[in-house]
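Undergrad: Sequence:
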Amino acid sequence: MSKEKKIIYIGDGTGDFCPSLKLKQTDYIMPRKNFPVWDLICQNHKLIKADIHEWYDGQELQHVLLQLINSNIIISNEQDDGDDNGDSTQLVTVDCKLHKIPVSAH
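Here the sequence shown is numbered in this note's numbering, starting from 215 and rising by one per residue.
It should be emphasised that the hints constitute simulated quantities derived from the structure, not laboratory data.
Hints may be right or wrong, so weigh each one.
[Claimed, not checked] Computed spacing ranges between beta-carbons, pair by pair:
#	residue 1	residue 2	range
1	Ile288	Ile221	11 to 21 Å
2	Lys263	Gly227	18 to 28 Å
3	Asp271	Lys217	10 to 20 Å
Even glycine gets a Cβ: it sits at the ideal position worked out from N, Cα and C.
Can you build the whole structure from these sequences, using the hints too?
TA: Listed below in structure tokens is the structure:
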């Protein structure tokens, strides 16, 4: 039995709206709140089949993305094991911090 792949699409610009229309009900769209793609999705939400999870800054993006990844890993593991006993392990930490990387101004 092959596993169906899920897509988590993250975007904020108008160019991200058209690809979001191709996503299925099992996929996720993560539009940045109060940016062009968010406005387009709000105006045309009936066209979107994917589950919508908005975010407004890098910290919230990280938190929501890791929650989606973890929940899908846990569901996948339970389906593989045929076991729903609740002792699935969280594989990605949601407590990690964003790190700043210095960049030279050349």
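Undergrad: Now look at each hint and say whether the structure bears it out.
TA: These are the hints, each one checked on the structure:
no., hint, result
1, Ile288 <-> Ile221: 11 to 21 Å, "18 Å, holds"
2, Lys263 <-> Gly227: 18 to 28 Å, "20 Å, holds"
3, Asp271 <-> Lys217: 10 to 20 Å, "32 Å, violated"
Hint violations for this structure: number 3 only, all remaining hints satisfied.
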